[in-house]
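Enquirer: Below, each chain spelled out in residue letters.
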Amino acid sequence: MSERGKWHERLKVTLWTLIIPPAIWAGHFLASYLWAAISCAKAGRFASFPLLFVIGTMLALLMIGLSGWIAWAQARLPGNPPPHEDSTRIDRLRFLAKSTLLLAGLSFVGVLFAALPVIFLRDCR
Amino acid sequence: MSLHDQDDPALRAAQEERLRAVWAPPRGIFLRWTDCNNNRVGVWYVLTAFGFMLFAGVLALIMRTQLAVPDNDLVGPGTFNQLFTLHGSMMMFLFAVPMFEAVSIILLPQLLGARDLPFPRLSAFGYWSFLIGGLFVGGSIFFNAAPDGGWFMYPPLTTRTDLSGLGADIWMLGLSFIEVSSVAAAVELIVGVLKCRPPGMRLNLMPLYAWYILVVAVMILFAFPPLIAGDILFEMERLLDWPFFDARRGGDPLLWQHLFWIFGHPEVYIIFLPSIALFAMLVPTFANRHLLGYPWIVLAAVGTAFLSFGLWVHHMFTTGLPKISLAFFSAASEAVAIPTGVQIFVFIATLWAGRVTWSTPLLYATGSLAIFVIGGLTGVMVAVAPFDWQAHDSYFVVAHLHYVLIGGTLMPLFAGLYYYWPLVTGKKLSDRLGRVAFWMLFVGANLTFFPMHLSGLMGMPRRVFTYPAELGLGGLNMASTLGAWLFAAGVAVICVDLSLSPRRVRAVRNPWNAGTLEWLAHPEDEDWGIRSVPLIESRYPIWDQTDFVREVDEGRFFLPDAQEGRRETIVTSVLDARPLAVIRLGTPSIKPMLTAVALGGVFILTTYHLYWAALVSGVATLALALWWLWTGTAEIPEKPCKPIGHGLELPLYLSGPSAPGWWAMFITMMADATAFSGLVFGYFFFWTRHADFPPVALADGPGMAWPMLALFLGIASWLLTLGAREVHARKHVGMARLCLMIALVLSLAGIGAGLAGPWTHGMDPQAHSYPAIVWTLAIWAAAHAGVAAIMQGYALARSLAGRMDPEHDADLRNVTVNMHFYALTAIVTYATIGLFPQVT
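These protein sequence lines are chains A and B, in that order. Its first residue numbered 1, the first sequence is counted upward by one per residue in full-length UniProt numbering. Its first residue numbered 1, the second sequence is counted upward by one per residue in full-length UniProt numbering.
For the record, the hints were derived by calculation from the structure and aren't laboratory data. We put the beta carbon where it would ideally sit given N, CA and C, even for glycine.
Computed spacing ranges between beta-carbons, pair by pair:
id	chain 1	residue 1	chain 2	residue 2	range
1	B	Gly341	A	Leu66	23 to 31 Å
2	B	Ser501	A	Arg89	39 to 47 Å
3	B	Arg730	A	Leu51	51 to 59 Å
4	B	Ala21	A	Pro82	41 to 49 Å
5	A	Leu66	B	Thr357	39 to 47 Å
6	A	Arg89	B	Trp352	30 to 38 Å
Between the sequences and the hints, there should be enough to build the whole structure, so can you do that?
Expert: Right, dumping it as structure tokens:
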């Protein structure tokens, strides 16, 4: 693979990049839980339109979307013929990228799920 | 050695003779138990876990017989409490988790074309720990001393010594010991999957079983340590009366529930995923085609692993937490149905697209999927908080969890048993008995557990030893009992089938005509694992690579010989499996067994409050572990490199992030850091539960001065160790030794400074949860300072003894990894106990 490939070919793909989308889900989930638990325990209530939470959720969705988009581009790199199951660098890259893309989809849904309670439930009871 | 050389049959025979000699198991009535080859240890492990499963199954049968008719008096309430507690605890800790570790220890080296996993002695240590701990916990029921507080051991019932006896200590300490062996297995499996794959087996060609095992082993690292943290707090309360869970003195029983279920829910997936992983191996074989949707399985495994850590509160829906909190966990619980469903559809699609060979293992696989789906659907129901409020603690939940575990763990394991029996013994099991047993199990499971949905919704609570006839539950309970006996009879048929196996004739090699690497195994088993380590070009090399089996057998791939008379395997890179080195593996030794016995002594003697004896046992454990490490690890090889065939020369020594030992240290420290985070969670959990935390009257301890000094000492020790590593690499050995010596002194001083804070302020840990948790954190950090000092001393001694030099510095690099985590521990601990009280 030449060094002058497109940007998404030059990005390093590893096992760590694979877990970026679900790790963002985990961060968002943990933050949501801690925010609700601490505000309920310490303040007895939480803000009715929690701006910070909305921004955090948008940010999480954006980052997951971004990593999914990069993965989508990488998963379509031309190289070996289908079914892309050979012991080559490009097939390994395509595989990791496709898995990342799928995880991004799941994480996106997961973050949306975690945001729903804040829309529907607005008190600490 | 070129390809050409392997044409010579005499050379091949000589190679085989050398390999056979190197891998020969120890003989003799006692010495045979010092073996650490994965073939044998794995089989012992499987048989022991299977035995515990049968034992726990008998406990369930006694319970079901007691519940067959209303107002029965077969067993009393006290015995019944012990029965259900031990049944749940043994099935989880002594069957399901160890069974997955056992099966992986047998299968993984075969699947990865490795001679053995990287740390065979660690596997043996794990096995002996498991056996000792298992006998201790399981045997307690014969002394009427079994734990009786339910498998989740909720305080305050279990922490008050006037309400529960020795059983609670046996549960905590016995199972903590087994958790140690699980973490050991996780280290072995992660490093095995990441570093011991055959050349060419890039991540996209890895058998899906290995993907699942990698994911599950990582889950163990994050799931088990919170329970270990909980166990520590729990035993501090029981043995020393430190009130972590006692609401009268500022504690909170809910803290236990959090720590337990942060372990307990991922645990469900820890035992489910490896069992379903067996399907990923056998479905392609019987569909006669590649598995469809390989990345989708990876999505399912990784996605489930993450989501499973966001589910724990769904076990606590009725504890009065704010509804908004419940809703987060309800949402995640619904989301986890997505990846779980994906993998089931992948299996169905593969069968649909293939030419199906209908076999006994496949019958078990499809039957268990049917059972599992029913459990999954009721899982979606109880994930909805308002429904759970109605069903909680009723037999509905018993029905749900048994459908999930029988369909998701037990029956898949039986599928694996019928599939892999020829791999391990060279003989097939009976298709006829297998099918008879399957239908007994399938009908029995449904007859037992389906009526429980109804009895639960009609109001039958869990964990009651009897019920009055007026409730009208007699018919449903009788059906459940009959089903349980039918199920047990099915298991008995399987046992008969297994016991007939030694009389049967050997099967042909690869009897199912599978395509994956593990089926290279020969019915006339050799102990060397694999004749030569192949170059992998496909996910199903036996199907796709021409002449593959013959070339492996004739030693035409890598490492076909053992010239130096050492057990060896190839280490490759994580992403692309490029060959990096040849490592020498541990040989049979008594050290793992002795270390396990000594460590078992620590836990068992503590149970009986024999603290001095436990301390002696602890010192013995440390001494044995050091002896084991000193004589068996980071050995400087007799030559720097060796040829492995095809003109390839690989080094015999690795240090730093490419070495398996470095990864083992890193993984162990991740588990350690997770346990620590459980304790820190405890501190801040108390803060959220109290209007004033620390309470005003107690807030002056531990002050700021001592914690800050301890923090300074910890960081200085860390920096000096880093410095030692750097100057050592630049060949300034004397300078490195000096740095290590000063660092060691600073670590020792850190112990004193860390404990001085709470000590000089006279903090009484029995008075309130605040001094108790501060003491716990300080002791944790001080203990890690002690471990740091031991490791620094070890590296220093290795250097002085000539076992470590600038070219061979694995010990020092591994100690540095520990020091990174020690620095993190010191920063978090002393910032929490020293600075947090200043800001609140």
